[in-house]
Each structure stands twice: as structure tokens, then as C-alpha cells.
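Protein chains in written order, with the working numbering: chain A, 183 to 388; chain B, 183 to 388.
These aren't lab readings, by the way, just hints derived from the structure by calculation. Hints are not guaranteed to be accurate.
Under the rule of at most 30 Å between Cα atoms (straight-line distance), these lysine-lysine pairs were calculated in the BS3-like manner [unchecked claim]:
1. B:Lys303 to B:Lys232
2. B:Lys232 to B:Lys212
3. A:Lys284 to B:Lys212
4. A:Lys232 to A:Lys303
5. B:Lys303 to B:Lys186
6. A:Lys232 to A:Lys353
7. B:Lys284 to B:Lys212
8. A:Lys353 to A:Lys186
9. B:Lys353 to B:Lys232
10. A:Lys287 to A:Lys353
11. B:Lys212 to A:Lys303
12. A:Lys303 to A:Lys353
13. A:Lys284 to B:Lys284
14. B:Lys242 to B:Lys212
15. A:Lys284 to B:Lys242
16. A:Lys303 to A:Lys284
17. B:Lys303 to B:Lys284
18. B:Lys287 to B:Lys212
19. B:Lys284 to B:Lys242
20. B:Lys232 to A:Lys303
21. A:Lys287 to B:Lys186
22. A:Lys242 to A:Lys186
23. A:Lys232 to A:Lys242
24. B:Lys303 to A:Lys287
25. A:Lys284 to A:Lys242
26. B:Lys284 to A:Lys353
27. A:Lys303 to B:Lys284
28. B:Lys303 to B:Lys242
29. A:Lys212 to A:Lys303
30. A:Lys284 to B:Lys186
Listed next, the stretches of chain A that the computed footprint assigns to chain B, with coverage defined by at least 3 CB atoms under 8 Å from CB atoms of chain B [unchecked claim]:
31. 198-207
32. 312-321
Here a beta-carbon is modelled for each residue, glycine too, at the ideal position from N, C-alpha and C.
Take a look at the letters that make up each chain.
Number of protein chains: 2
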Amino acid sequence: MTGKTIPDIIVSRLPLYLRSLQRMDEENRKVTSSQELGERLGISAAQIRKDLSQFGEFGKQGTGYNINFLIEQLCRILHVDQEWDVAVIGAGDIGNAVARYKGFKNRGFRVVMIFDDDPDKIGTQIGEFTVSDANDLTESIRNAQIQVAMIAVPGSNAQNVADRLVEGGIKAILNYAPINLNVPEDVNVQYIDPSIHLQRMTYYLE
Amino acid sequence: MTGKTIPDIIVSRLPLYLRSLQRMDEENRKVTSSQELGERLGISAAQIRKDLSQFGEFGKQGTGYNINFLIEQLCRILHVDQEWDVAVIGAGDIGNAVARYKGFKNRGFRVVMIFDDDPDKIGTQIGEFTVSDANDLTESIRNAQIQVAMIAVPGSNAQNVADRLVEGGIKAILNYAPINLNVPEDVNVQYIDPSIHLQRMTYYLE
Chain A
183 MTGKTIPDII
193 VSRLPLYLRS
203 LQRMDEENRK
213 VTSSQELGER
223 LGISAAQIRK
233 DLSQFGEFGK
243 QGTGYNINFL
253 IEQLCRILHV
263 DQEWDVAVIG
273 AGDIGNAVAR
283 YKGFKNRGFR
293 VVMIFDDDPD
303 KIGTQIGEFT
313 VSDANDLTES
323 IRNAQIQVAM
333 IAVPGSNAQN
343 VADRLVEGGI
353 KAILNYAPIN
363 LNVPEDVNVQ
373 YIDPSIHLQR
383 MTYYLE
Chain B
183 MTGKTIPDII
193 VSRLPLYLRS
203 LQRMDEENRK
213 VTSSQELGER
223 LGISAAQIRK
233 DLSQFGEFGK
243 QGTGYNINFL
253 IEQLCRILHV
263 DQEWDVAVIG
273 AGDIGNAVAR
283 YKGFKNRGFR
293 VVMIFDDDPD
303 KIGTQIGEFT
313 VSDANDLTES
323 IRNAQIQVAM
333 IAVPGSNAQN
343 VADRLVEGGI
353 KAILNYAPIN
363 LNVPEDVNVQ
373 YIDPSIHLQR
383 MTYYLE
């Protein structure tokens, strides 16, 4: 941590830059420009240059960005130059889908546990995981020193689960339940609610 | 449509207000305030008052907001005072989860079709739906006059699917594939990529 605080709006764009660069890398590309990145992302080239300049000097005027180098730097900045163990709470359809999701590979995350409180689900197999008893949530997470969790339980139960995750030491929660969570200030929450995203778009439809 | 263009950042907060209000309504609450809404959402009361004032006069100083009335108004503004038919493309884990998702109820959306290009999946049953052949995508969507779709196919196939959706008349796409889509200006796209959300949070972790 340096002394400088980077605005969260800038932080929020870095994963998008990283994803585009990783895609270019898969296409065996070596060099890109803020113009090209901008076109892919619908963000202005000037904005991208300004965002990246907050963290250092990653490209040269005229020669562009070395894709591999910039991927490395962004992974380091976002702390995904390591793999984070992730706990999934809720073994319903969404919990199932995220536990088996292949898209975390190479992006810094690895699901390692899945919990549910339904006796019919506890002990069953989801992909490579055995569903654990949600009663053991706090202790299991504390013992495994897990800091990242995804909540995929009904809204009515999500705050309770969040409280127990925080008690176990979780610092980052991706919440699929359609409610806002109250957590201490040092815990980050991000939300995925497809209805919210869809409503943002129907505003523009006739 | 009035002549006034509302900034998208304001539009993006309206679904959050609506969700909180609907939750209060489920709790049989009748009246709320910008202060209470703000505390639930982590948004300042002043911001909420300012956002809502863009659309009219919904509450009175001192007496707060009538929850039912504000829900009605926000549904009207966001065009979810009707139910939108939604097509899901991709019958893998994520497509399955969104097709069977109960959370669209009362939020303005109803999945009506699901498509896949895998011969082993076409014709199979997902909840109440029979998986349709993705070859018929454009025509089926045009015939049913569907404007909203969710893409849940691998990244490598998502742009192709998007092109065919746009050809069929889709105007709003919720994209679960981890790539940016190129679409005409009159088509809206929103993205759900859990890795992006998680990386926004690991930035803040040690």
C-alpha cells in the first residue's frame, strides 16, 4: 500500500482492462494501444491512459503497451498474481453454477468449499465438492483462513450468512442474493442481481 | 420520453431504490424516508432526494415517501410496470440457473425461451422450458417480438450469438460471457462476470 488512495471508480475499470488484455494474449497478440483497448471496451483512450498512469508508467507514447507486461502489472495491482480460495454459500441452482464455473481459472480465484443448510443437500457432490453443513461455516472458514466468499442463498437468509462469514474472517463478499448487506467497514461487498441489470436497460426501451 | 436526458449513473441507482422499497413493502411498511433508504443502500439521503427529484415530486419534506406510491412510480419510470419476455441463450450451468431463477418474479421479467446449439441439449427440459435449437434463434425472437435476452454461452461464441440476437430485434442484452460485445448504438448491454466483481475487491485485500 502506498499512501495514495486511488478512487474506486478507477479500481473498478482495472479488471476490465485486464480481461481484455488476457483475451488479446489468448489471441497471441503482443502489443496494444489505449486506442484499441478503448474501442474494445467502449472507454476513451484518454481515460485508459489516465487510469493506468495512476499506477506507474506502463507504455511509451508511440509504441503502445506490451500486453504481457501490462497483464503482469494489473494482476499485481489487483492482487490476483495469486489464487484466492473462495467459499460458496448455498448449493441451489446459482451456487451450483458458480461452484462449477470454469471462468475463474487464470483470473485469480478457486472455489474450495460449498455450504448449505438443507439436510438433503449436505454431503452430496457438486462437481468435485462435497456440500458441507452451513452450521460449520464460521469455523471452517476461519480454520482455512478464507477471505473471499460468494453468497447464493435466498434473500431472507443472506444477512445471517453474511454475519457468520464476517465472524469467520471473510473480507470480500460477492452477493447473489437480492438484498443489500450490512457489513463492517473493512469488508467489501459486490452485488450480482440480474433484475437490477435488466431494469437499468428497460428504462431505455419503449 | 420527455426531452430531458437523465444521466445513466442516476438511472443505474433507480433499480436499487425500487428493490429496497419492494423489500420494505414485503415487510408491510407504508412510509419511508430518504435517510432510511440511504442507510439500507449506503447512499446519502441527499443523493437519493436529488435522484428522485429528476422524475417528479414523490415525497413531502417531513412526511417522507409513501412506499407503495414510490414503487409504482419507479416501476413506471423503469418500464417494469409490465412483464418483459426474456430469451436465454445457452443451456449450460448458468443458462439453467437463470432460466429457473425465481428472482425475476415481480421485478418485470419472465423467461420464455431457452436456446442451445448442442444436439444433446436441444429438446431436453429445463424447468418448464424445452431447449430450442439455437439455429432458429433470430427467427424465433423476431416472431415472438422479444426485446430482452441473456447470453450464457462461452466467450468464444458470445459475439456471434449477440449478432444474431440483434438481427432478431433484441434491444437489451444481459451478457454472462466474459467478453465485451460490439453491438449497434440502440442496443444496451449489461455484463455479469463474477471474476470482475471479485477482482474489484481483492484490490483492497492484503
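Evaluation of the provided hints:
Straight-line distance between C-alpha atoms of B:Lys303 and B:Lys232 comes to about 49 Å, which puts the hinted pair past the 30 Å bound. Among the hinted pairs, B:Lys232 with B:Lys212 is consistent with the structure: their alpha-carbon atoms are about 22 Å apart, no more than 30 Å. For the hint linking A:Lys284 to B:Lys212, the alpha-carbon distance of about 44 Å lies beyond 30 Å, and the restraint is violated. A C-alpha spacing of about 49 Å is found between A:Lys232 and A:Lys303, which places the hinted pair above 30 Å, so the restraint is violated.
With a C-alpha separation of about 47 Å, the suggested pair B:Lys303 and B:Lys186 falls outside the 30 Å cut-off, and the hint is violated. With a C-alpha separation of about 29 Å, the suggested pairing of A:Lys232 with A:Lys353 holds against the 30 Å cut-off. The hinted pair formed by B:Lys284 and B:Lys212 meets the criterion: a straight-line CA distance of about 25 Å does not exceed 30 Å. For the proposed pair A:Lys353 and A:Lys186, the alpha carbon gap of about 21 Å is at most 30 Å, so the pair holds.
Of the supplied pair hints, the one linking B:Lys353 and B:Lys232 holds, its CA atoms being roughly 29 Å apart against a limit of 30 Å. Proximity of A:Lys287 to A:Lys353 is assessed by CA-CA distance (about 21 Å); at most 30 Å being required, the pair is judged to hold. The hinted pair formed by B:Lys212 and A:Lys303 fails the criterion: a straight-line CA distance of about 38 Å is larger than 30 Å. For a cut-off of 30 Å, the pair hint linking A:Lys303 to A:Lys353 stands: about 27 Å separates their Cα positions.
Pair hint A:Lys284 plus B:Lys284 holds up; C-alpha atoms about 24 Å apart against a cutoff of 30 Å. In summary, the hint linking B:Lys242 to B:Lys212 is supported, as the alpha carbons are separated by about 14 Å, within the 30 Å threshold. The suggested pairing of A:Lys284 with B:Lys242 is violated, with an alpha-carbon distance near 50 Å, which exceeds 30 Å. A hinted pair counts as satisfied when its Cα atoms are at most 30 Å apart, and A:Lys303 with A:Lys284 qualifies at roughly 22 Å.
For the given pair, B:Lys303 sits about 22 Å from B:Lys284 by alpha-carbon distance, which is consistent with the 30 Å threshold. For the given pair, B:Lys287 sits about 21 Å from B:Lys212 by alpha-carbon distance, which is consistent with the 30 Å threshold. The hinted pair formed by B:Lys284 and B:Lys242 fails the criterion: a straight-line CA distance of about 35 Å is larger than 30 Å. Distance restraint check for B:Lys232 and A:Lys303: the Cα-Cα separation of roughly 46 Å exceeds the 30 Å cut-off, and the hinted pair is therefore not satisfied.
Restraint check for A:Lys287 and B:Lys186: not satisfied, since their Cα atoms lie roughly 44 Å apart, outside the 30 Å limit. Between A:Lys242 and A:Lys186 the alpha-carbon distance is near 23 Å, which keeps this suggested pair within the 30 Å criterion. As the CA atoms of A:Lys232 and A:Lys242 are separated by approximately 13 Å, the hinted pair is consistent with the 30 Å bound. Pair hint B:Lys303 plus A:Lys287 holds up; C-alpha atoms about 25 Å apart against a cutoff of 30 Å.
As the CA atoms of A:Lys284 and A:Lys242 are separated by approximately 35 Å, the hinted pair breaks the 30 Å bound. With a C-alpha separation of about 28 Å, the suggested pairing of B:Lys284 with A:Lys353 holds against the 30 Å cut-off. As the CA atoms of A:Lys303 and B:Lys284 are separated by approximately 19 Å, the hinted pair is consistent with the 30 Å bound. A threshold of 30 Å between alpha carbons decides the hint, and for B:Lys303 with B:Lys242 the separation of about 55 Å lies outside it, so the pair is violated.
Annotation: proposed proximity of A:Lys212 to A:Lys303 is violated, straight-line Cα distance about 47 Å (limit 30 Å). Between the alpha carbons of A:Lys284 and B:Lys186 the distance comes to roughly 44 Å, so the proposed pair goes past 30 Å and is violated. Counting residues of the segment 198-207 of chain A whose CB lies closer than 8 Å to any CB of chain B gives 5, which reaches the minimum of 3, so the coverage claim holds. Counting residues of the segment 312-321 of chain A whose beta carbon lies closer than 8 Å to any beta carbon of chain B gives 0, which falls short of the minimum of three for the stated coverage.
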